[in-house]
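Engineer: Spelled out, the chains give:
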Amino acid sequence: MAYSDKVIDHYSNPRNVGTLDKSKKNVGTGLVGAPECGDVMRLQIEVDENTNTITDAKFKTFGCGSAIASSSLATEWLKGKTVDEALAIDNMEIVEELALPPVKIHCSVLAEDAIKSAINDYRVKNGLPELEMAKSHH
Amino acid sequence: MLKLPIYLDNNATTPLDPRVLEAMMPYLTEVFGNAASRNHPFGWAAEEAVDYAREQIAGLINCDPKEIIFTSGATESDNLGIKGVFEMYSQKGNHIITATTEHKAVLDTCKHIEKLGGRVTYLPVNELGLISLEELEAAMTPQTILVTIMYGNNETGTIQPIREIAAIAHKHGALFMTDGTQAVGKVPVDVIADGIDLMAFTAHKMYGPKGVGALYVRRKNPRVKVTAQMDGGGHERGMRSGTLNVPGIVGLGKACELCKQEMEADTQRLSAMRDRLERELLTLEESYVNGSREHRLPHVANISFKYVEGEGLMMGVKDLAVSSGSACTSASLEPSYVLKALGLSDDLAHSSLRFGLSRFSTDEQIDYAINHVKEAVTKLREMSPLWEMFKEGIDLNSIEWAEH
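From first to last, the protein sequence lines are chains C and L.
FYI, the numbering for the first sequence is 1 to 138, going by full-length UniProt numbering.
FYI, the numbering for the second sequence is 1 to 404, going by full-length UniProt numbering.
Fair warning: there could be bad hints in the mix.
Pairwise CB distance ranges, derived in the manner of DEER restraints [stated by the list, open to error]: (1) E280/L / I8/C: 26 to 36 Å; (2) T51/C / G393/L: 51 to 61 Å; (3) L133/L / A2/C: 40 to 50 Å; (4) T283/L / A99/C: 30 to 40 Å; (5) I8/C / G173/L: 53 to 63 Å; (6) N26/C / G393/L: 33 to 43 Å; (7) I8/C / E392/L: 28 to 38 Å.
Hints were generated in silico from the structure; no laboratory data involved.
All figures in this text were calculated on a predicted structure; none of them were measured in a lab.
Every residue, glycine too, gets a C-beta built ideally from N, C-alpha and C.
Looking at chain C on its own, in the form it has when it is part of the complex (with noise of 0.2 Å):
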């Protein structure tokens, strides 16, 4: 199976790859996926709590080429956003942004599990509920 351009690119060339200080009240942290099933994957991001915007995002990824390539896009697109927008992220766009094939969409799955974590610890760790997670592909 060939892989599109967008996905060599993200894995060649893995934007926001690394470690955000989980310690800090601002930086929310969302750990997803299982090391049996061949995916984990750790997405971070650091809220300004004045204007409910991400500043920053960060990500690890144990798993195929798809899966380090749907959190490297999804890094990319929490930067700026706020934590709102983040939520509104649908893993579909990610498949159609990497053009990922059927037996691939559960990495971007993974990605929006990930994001929705991510913001629930955040929230949780500023005194917010947690949110449902929406969806439950698995």
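Guided by the hints, dock chain L onto chain C, whose structure is given.
Structural biologist: Frame of chain C, contents of chain L only:
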């Protein structure tokens, strides 16, 4: 000048040796006769070529040329051997013994046998990929008609104790079959010394063409018969009908002759290269060889690089054609059943790469592969959350993963 990408997936298939192609060429062009045409020179020439190929094959595995049944490949041979014995010996019993690490051509055929009312025992393997002779002996019953255990494994290269297995099968009155697909032409396989009654093998794993293989069926001590699975003109002593693939058979014959001549030198060179590749890659932290290193085909290495996912790694080593135990593309997301049978955890099975060297592999290619894999593993680990946790001393088993 090194040509990229480098092919190191020779357990999947091997390139055609130019000398094999040369031997085949006349039979693809002017010598086109049907080997079953007994009444004119076109047929005689084809039959003569087929008979010569039988001798070349017999020379490699130490059998009688008449004991070779030509097929379309190892999958057909496995099917013919197992189904053919099950039907032919149904009066005697209905029990077959095999192992969990067999190729799907054997496992799925055995599943079919179970649907037909047969009973199949799937022996487990230890962490090296070897079956237990005690467990085999304990599984034998008066109804056991066949023990079928592969010679060398396609994923790990692990070689089973064939002679001991054959002896146990025979002691209990059962036939012994082996899937020799990966082993024939690579290590000395001797059907008499090894006690093999039936053996499946194929040309394209030993520098021959695709689409042709054979089933060895013993004719003496004991005389083994299989019920044909393909009915028709009664070719191959009635065991496999269908016009013979003369150019393919000529290619298989030539491939066997070359393997016999060059096996010793190939083995020495390839195992030295394989060992160097393995030694170098094992200098990476948290990397592990899968399968037995002692009982192994000379050209295979299967290595897991912990905390890196195999499919992602394959994409990182894009200049190498290798394969992985990860099956992220399959609907099930299940990693290799062979590696799991060795007791590997799913994450280690997902992290494996298989390297298969060939007669045409060079030291220069291996040097390149070593550096390429090292770089890719290092880069991906820097991107891996699991690697970071490992480095921080976090026990990954202590984390409650969200299964999906």
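Engineer: The structure should be examined with respect to each hint, and the outcome stated for every one.
Structural biologist: Here is how each hint holds up against the structure:
1. E280/L / I8/C: 26 to 36 Å: holds (27 Å)
2. T51/C / G393/L: 51 to 61 Å: violated (37 Å)
3. L133/L / A2/C: 40 to 50 Å: holds (46 Å)
4. T283/L / A99/C: 30 to 40 Å: holds (38 Å)
5. I8/C / G173/L: 53 to 63 Å: Cβ of I8/C to Cβ of G173/L: about 59 Å, so the range 53 to 63 Å holds.
6. N26/C / G393/L: 33 to 43 Å: violated (27 Å)
7. I8/C / E392/L: 28 to 38 Å: Holds: the Cβ-Cβ distance is about 31 Å, inside 28 to 38 Å.
Violated hints for the displayed structure, listed by number in ascending order: 2 and 6.
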